Amino acid sequence: MSDKQDQRLLKEAEHAVLQQYTRRHFLKDGAMGFGALALGSLLGGCFGKSSASSQTLFDASNPLASRPPHFPGKAKSVIYIHMAGAPSQLELFSYKPELAKLDGLDCPQSLLEGKKFAFIRGVPKMLGPQAVFRQRGKSGLWLSDNLPHLATVADEIAMLNAVTTDQFNHAPAQLLMHTGSARLGRPSIGAWVTYGMGSENKNLPGFVVLTSGGNNPDAGKSVWGSGFLPSVYQGVQCRSEGDPVLFIKDPSGMDRDMRKASIDAINKVNQEQYSEYKDPEILSRISQYEMAYKMQISVPDVMNITDEPLYIHEMYGTQPGKTSFANNVLLARKLVEKGVRFVQLFDWGWDTHGDSAGNAVDIGLVNKCAKVDRPITALILDLKQRGLLDETLVIWGQEFGRTPMQENREGKKMPFKGRDHHSAAFNMWMAGGGIKGGTSYGETDEIGYNIVSGKTEAYDIQATILNQLGFDHEKLTYESQGRNFRLTDLSGKVITEILA
Amino acid sequence: MVILSIDITGFIGRFHPVLVHLPVGILLLAGIFIWLAKNERFESLRSAISISLFLGMLSAIASCVTGFLLSKTDSYEQTLLFKHQWFAIATAIISLLIYYLHLKNRETKWVAALMVLFVMITGHLGGSITHGSDFLTKAFSSSDAGSVNKPIPNVQEAVAYSAIIKPMLEAKCIACHGPNKQKGKLRLDEPTFISKGGEDGAVVIAGKAAESGMIKRILLPKENKDHMPPIEKPQLSKQDLELLQWWITTGAGYDQKVKYLPQTDQIKAILKSLASGKTDEMAAISFFPEQTVGKTPEAAVQQIRDRGVAIVPISQNSNYLSANFVAIESFTGKDLQLLEAVKKQLIWLKLGNIAVTDADLSTIGKLTNLRMLYLQKTKITDQGLVQISNLRELQYLNLGGTNVTAKGVEQLKGLKNLRQLYLFQTAIERDDLDKLRKLFSNTIIDTGGYEVPKLVSDTMVLKAPVNK
Numbered sequence: 125m126s127d128k129q130d131q132r133l134l135k136e137a138e139h140a141v142l143q144q145y146t147r148r149h150f151l152k153d154g155a156m157g158f159g160a161l162a163l164g165s166l167l168g169g170c171f172g173k174s175s176a177s178s179q180t181l182f183d184a185s186n187p188l189a190s191r192p193p194h195f196p197g198k199a200k201s202v203i204y205i206h207m208a209g210a211p212s213q214l215e216l217f218s219y220k221p222e223l224a225k226l227d228g229l230d231c232p233q234s235l236l237e238g239k240k241f242a243f244i245r246g247v248p249k250m251l252g253p254q255a256v257f258r259q260r261g262k263s264g265l266w267l268s269d270n271l272p273h274l275a276t277v278a279d280e281i282a283m284l285n286a287v288t289t290d291q292f293n294h295a296p297a298q299l300l301m302h303t304g305s306a307r308l309g310r311p312s313i314g315a316w317v318t319y320g321m322g323s324e325n326k327n328l329p330g331f332v333v334l335t336s337g338g339n340n341p342d343a344g345k346s347v348w349g350s351g352f353l354p355s356v357y358q359g360v361q362c363r364s365e366g367d368p369v370l371f372i373k374d375p376s377g378m379d380r381d382m383r384k385a386s387i388d389a390i391n392k393v394n395q396e397q398y399s400e401y402k403d404p405e406i407l408s409r410i411s412q413y414e415m416a417y418k419m420q421i422s423v424p425d426v427m428n429i430t431d432e433p434l435y436i437h438e439m440y441g442t443q444p445g446k447t448s449f450a451n452n453v454l455l456a457r458k459l460v461e462k463g464v465r466f467v468q469l470f471d472w473g474w475d476t477h478g479d480s481a482g483n484a485v486d487i488g489l490v491n492k493c494a495k496v497d498r499p500i501t502a503l504i505l506d507l508k509q510r511g512l513l514d515e516t517l518v519i520w521g522q523e524f525g526r527t528p529m530q531e532n533r534e535g536k537k538m539p540f541k542g543r544d545h546h547s548a549a550f551n552m553w554m555a556g557g558g559i560k561g562g563t564s565y566g567e568t569d570e571i572g573y574n575i576v577s578g579k580t581e582a583y584d585i586q587a588t589i590l591n592q593l594g595f596d597h598e599k600l601t602y603e604s605q606g607r608n609f610r611l612t613d614l615s616g617k618v619i620t621e622i623l624a
Numbered sequence: 006m007v008i009l010s011i012d013i014t015g016f017i018g019r020f021h022p023v024l025v026h027l028p029v030g031i032l033l034l035a036g037i038f039i040w041l042a043k044n045e046r047f048e049s050l051r052s053a054i055s056i057s058l059f060l061g062m063l064s065a066i067a068s069c070v071t072g073f074l075l076s077k078t079d080s081y082e083q084t085l086l087f088k089h090q091w092f093a094i095a096t097a098i099i100s101l102l103i104y105y106l107h108l109k110n111r112e113t114k115w116v117a118a119l120m121v122l123f124v125m126i127t128g129h130l131g132g133s134i135t136h137g138s139d140f141l142t143k144a145f146s147s148s149d150a151g152s153v154n155k156p157i158p159n160v161q162e163a164v165a166y167s168a169i170i171k172p173m174l175e176a177k178c179i180a181c182h183g184p185n186k187q188k189g190k191l192r193l194d195e196p197t198f199i200s201k202g203g204e205d206g207a208v209v210i211a212g213k214a215a216e217s218g219m220i221k222r223i224l225l226p227k228e229n230k231d232h233m234p235p236i237e238k239p240q241l242s243k244q245d246l247e248l249l250q251w252w253i254t255t256g257a258g259y260d261q262k263v264k265y266l267p268q269t270d271q272i273k274a275i276l277k278s279l280a281s282g283k284t285d286e287m288a289a290i291s292f293f294p295e296q297t298v299g300k301t302p303e304a305a306v307q308q309i310r311d312r313g314v315a316i317v318p319i320s321q322n323s324n325y326l327s328a329n330f331v332a333i334e335s336f337t338g339k340d341l342q343l344l345e346a347v348k349k350q351l352i353w354l355k356l357g358n359i360a361v362t363d364a365d366l367s368t369i370g371k372l373t374n375l376r377m378l379y380l381q382k383t384k385i386t387d388q389g390l391v392q393i394s395n396l397r398e399l400q401y402l403n404l405g406g407t408n409v410t411a412k413g414v415e416q417l418k419g420l421k422n423l424r425q426l427y428l429f430q431t432a433i434e435r436d437d438l439d440k441l442r443k444l445f446s447n448t449i450i451d452t453g454g455y456e457v458p459k460l461v462s463d464t465m466v467l468k469a470p471v472n473k
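Those protein sequence lines, which keep their order, are chains A and B.
Letter by letter, the first sequence follows residues 125 to 624 of the numbering used here.
Letter by letter, the second sequence follows residues 6 to 473 of the numbering used here.
Isolated chain A, as found in the complex:
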């Protein structure tokens, strides 16, 4: 029966193609074809080399096949946790006792001259740290009481104290962090990694995205997009509540065999199309159909956290069946165990301007911290006891930091204590994946306003992530619009100071 179906579908498709194929096409193809042929052989001598050097790793017939990196990497997979909205480093990671002394004073003009802020206007007041800091672990890393659990694993963490960006709005800043460009159109780091290494598990996508906090990040899905890379490398967004992937169940009235038969038929048609047009995107599409079918079985299994033992749920603070950051973190561990290369977590709701209690650095931020502190700590410890921490790079990221001044939107006093977007200096940290725990890199001035040493840009972080996976960030390239592009574009230096 399925053969008959195939035949019919095939005929239909052929018919559709023929309908579009007019005399004009024929003439155009003919002329262009000969012309291009001639041009090709003419220019071949000139550009032969350039096309050879821009070799691609993309194998259209099996785009997600596991591939070796440039050199043996310490990390095999990445869990990148991005706190969308940008939490205040001054209440979490950046201990600035001098700032407390300035609390409530007018911000000196010298800090404001020539500076642009998202909301601050006129002369804001300085805002002292709204958290208690302590030195933790053997390394003596300063962490605030807002993250009491994380403090217990301080010696696993490498703190980057002097991260900086040139974007002060969420969407472009997030794009810069994840795609290396503040504008749309570049592939995200997860897409680059999947392009470079493929996936160890042919039944699961190589790059999975999980979001929590009630919203997607401001930059939207482009922040895990594939840009000019083949679309098979874009992040697959999964949900921790309901169906993990939308429409993953068979439609009612259609059984699994029928589903398989129809996918096979569609793929056959696509194969025909490919042999005619040679568009690699068609092959991508075929493999995606196949992957989707395989995912129907494998994804519900890996995305199901109910079969995890009770002590794991207690450790992570997970509640099966709900959308929560904790659930996503546990899923991230499960995915990495299953061979997924890159798990990207976004948690929304860290934009603490002080416009409401939920956005106050002494109220909402504290509540937000309580929701992520336990799961992140549990993740580090759980990876460790499973012998996976050394090969899993865990990253705490954010798009920028927050000002040492209290926000005064429209020049008015805000109802709660909050801070504006601050691009000049903020913190991020990494753990596992060949990172040297208990280190810190870079320093900022006494109030955390500017960088003093160890300047770290998005490109440096990206270069470091690729390095840990075994890639030279200058050599992982893809040709688009006539030139080779790379994630770090024209910049980027591996932060060797934090490597084990």
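If you are wondering where the hints come from, they were derived from the structure by calculation, not from laboratory data.
One or more hints might be untrue.
As the list claims (entries may be wrong) - Cut-off 25 Å, straight-line C-alpha distance, at most; resulting in silico cross-link-like pairs (DSS-like, lysine-lysine):
1) 190/B to 560/A
2) 599/A to 230/B
3) 273/B to 560/A
4) 458/A to 382/B
5) 221/B to 617/A
6) 243/B to 579/A
7) 345/A to 458/A
8) 238/B to 617/A
9) 468/B to 249/A
10) 230/B to 617/A
11) 198/A to 382/B
12) 339/B to 384/B
13) 300/B to 198/A
14) 227/B to 599/A
15) 459/B to 495/A
16) 537/A to 240/A
17) 421/B to 262/A
18) 468/B to 446/A
19) 541/A to 249/A
20) 579/A to 599/A
21) 579/A to 382/B
22) 345/A to 446/A
23) 227/B to 579/A
24) 349/B to 198/A
25) 384/B to 458/A
26) 227/B to 198/A
27) 198/A to 421/B
28) 458/A to 459/B
29) 560/A to 221/B
30) 468/B to 541/A
31) 384/B to 579/A
32) 198/A to 221/B
33) 459/B to 198/A
Note that the coordinates shown come from a computational prediction; the quantities given were computed from them, not determined experimentally.
Once you have looked at the hints, place chain B on chain A.
Same frame as chain A, but now just chain B:
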């Protein structure tokens, strides 16, 4: 108009290393021709003597001139330079003389022999200047090569400078900043010279590592032309740099013993590694071998890949393989037998969550190059473990979530390279752990069971104060 200021003499001088090879070759050849032409069989060579002597003479003079100019641009060891210079001039004069004699049809064979001797002496002296006077003899004293990593048994009792710093400088700096050559007018072979510094001033400022010229230059990016050692020369290791900074910070003294100098934890650890003769890098785990291995037949790899195993080289230029069975369908012991075809290359093997049994471990026991082996959540038991006790290269072993006990694990005590052993959720009794830790003194044993304690703050939700 742009006026280019070129150090023209220095520029010409730099041709010396190229030119010197000409008189060496041509004059030697001329000497050989002169002697051979005495023999009837080589009579025809006679006609070539004149031209080779002429060219040799010209190149000898050119070499002398460029050499003289070069000697003015940089600092070289004076006695060697003096000898080289005068032997070179003598050689040039002899070549002139012999050319004259040859034109006059006089007997030249004894002068030719003298010339060959002088060419060789001059060449050797020149070589000693550039490569160091011990260059030739180094091959005989190979035991010296490893002197940097020679263990310092009682490191705390040793003198910091002579035991740690001096060997480091000798290995990495002295070739250009020593008795033979003094680039930048700097010598680092004796305390007095180190304190004196070079043409850019002091290189070591006691107590201030960050301000010391030496450290500043070492820390420059490698591409920077002021970076030391130059990019093409052997670099200082991270550990060398830490030690050097520590020595300068603690006063850059030349006769203090290590134990009297303040030490951070990091320095203590490095010093400890010096005592054992293992550098930091050597003590760290390397999950891949230094030596290379032949390529596997692609068919064997493809056969494994077809079973759904992700098997790939560990990197693009390596033939070593890693295999991950995570996506295999309907696993049987036969799948593991396929790996025997790649046993030389296979160094990482992931079998977590696969129904591997004790019987399968006998197959794994044949994969003797394995460095990392993941057997967590498999069906293996104590009985099977003995079959992998011969995997001598093994550095990482994960037995988490299996039914192994301390008895079973003890059978692996012969694995001297084992660095990490994961035993989370096994049947090992808490009381047996200490015994295991003693048996595996070089291994980090992780039994997991970490907890994240419950805190009041975990569930406390802050709200806005009511009076707001």
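Hints, one by one, checked against the model:
1. A threshold of 25 Å between alpha carbons decides the hint, and for residue 190/B with residue 560/A the separation of about 39 Å lies outside it, so the pair is violated.
2. Distance check on the hinted pair: residue 599/A and residue 230/B sit about 24 Å apart at the alpha-carbon level, within 25 Å; holds.
3. The suggested pairing of residue 273/B with residue 560/A holds, with an alpha-carbon distance near 18 Å, which does not exceed 25 Å.
4. Taking the CA atoms of residue 458/A and residue 382/B, the gap is near 14 Å; set against the 25 Å cutoff, the hint holds.
5. Only pairs whose Cα atoms come within 25 Å are accepted, and residue 221/B paired with residue 617/A is accepted, the gap being roughly 19 Å.
6. For a cut-off of 25 Å, the pair hint linking residue 243/B to residue 579/A stands: about 21 Å separates their Cα positions.
7. With a C-alpha separation of about 23 Å, the suggested pairing of residue 345/A with residue 458/A holds against the 25 Å cut-off.
8. At roughly 22 Å between alpha-carbon atoms, residue 238/B and residue 617/A fall within 25 Å of each other, so this suggested pair holds.
9. Pair hint residue 468/B plus residue 249/A holds up; C-alpha atoms about 24 Å apart against a cutoff of 25 Å.
10. Under the criterion of a C-alpha separation no larger than 25 Å, the hint pairing residue 230/B with residue 617/A is consistent with the structure, at around 19 Å.
11. At roughly 23 Å between alpha-carbon atoms, residue 198/A and residue 382/B fall within 25 Å of each other, so this suggested pair holds.
12. Between residue 339/B and residue 384/B the CA atoms are separated by roughly 16 Å; this keeps the pair inside 25 Å, and the hint holds.
13. Between the alpha carbons of residue 300/B and residue 198/A the distance comes to roughly 23 Å, so the proposed pair stays at or under 25 Å and holds.
14. Taking the CA atoms of residue 227/B and residue 599/A, the gap is about 19 Å. The hint holds against a cut of 25 Å.
15. A hinted pair counts as satisfied when its Cα atoms are at most 25 Å apart, and residue 459/B with residue 495/A qualifies at roughly 13 Å.
16. A distance of roughly 19 Å separates the Cα atoms of residue 537/A and residue 240/A; the hinted pair therefore holds under the 25 Å criterion.
17. Under the criterion of a C-alpha separation no larger than 25 Å, the hint pairing residue 421/B with residue 262/A is inconsistent with the structure, at around 29 Å.
18. The suggested pairing of residue 468/B with residue 446/A holds, with an alpha-carbon distance near 23 Å, which does not exceed 25 Å.
19. Restraint check for residue 541/A and residue 249/A: the C-alpha separation of about 11 Å stays at or below 25 Å, so the hint holds.
20. Between residue 579/A and residue 599/A, the direct Cα distance comes to roughly 23 Å. Compliance with the 25 Å bound is thereby established for this hinted pair.
21. For the proposed pair residue 579/A and residue 382/B, the alpha carbon gap of about 44 Å is over 25 Å, so the pair is violated.
22. Of the supplied pair hints, the one linking residue 345/A and residue 446/A holds, its CA atoms being roughly 22 Å apart against a limit of 25 Å.
23. Taking the CA atoms of residue 227/B and residue 579/A, the gap is near 18 Å; set against the 25 Å cutoff, the hint holds.
24. A threshold of 25 Å between alpha carbons decides the hint, and for residue 349/B with residue 198/A the separation of about 22 Å falls inside it, so the pair holds.
25. Restraint check for residue 384/B and residue 458/A: satisfied, since their Cα atoms lie roughly 20 Å apart, inside the 25 Å limit.
26. Annotation: proposed proximity of residue 227/B to residue 198/A holds, straight-line Cα distance about 23 Å (limit 25 Å).
27. Pair hint residue 198/A plus residue 421/B holds up; C-alpha atoms about 22 Å apart against a cutoff of 25 Å.
28. Distance restraint check for residue 458/A and residue 459/B: the Cα-Cα separation of roughly 23 Å lies within the 25 Å cut-off, and the hinted pair is therefore satisfied.
29. Our distance criterion of 25 Å between C-alpha atoms is met by residue 560/A and residue 221/B, whose separation comes to about 24 Å.
30. The suggested pairing of residue 468/B with residue 541/A holds, with an alpha-carbon distance near 13 Å, which does not exceed 25 Å.
31. About 50 Å separates the Cα atoms of residue 384/B and residue 579/A, which puts this hinted pair outside 25 Å; it is violated.
32. Straight-line distance between C-alpha atoms of residue 198/A and residue 221/B comes to about 30 Å, which puts the hinted pair past the 25 Å bound.
33. For the hint pairing residue 459/B with residue 198/A, the CA-to-CA distance comes to about 33 Å; that exceeds 25 Å, so the pair is violated.
Taken one by one, the earlier hints fail for this structure at numbers 1, 17, 21, 31, 32, 33, listed in ascending order.
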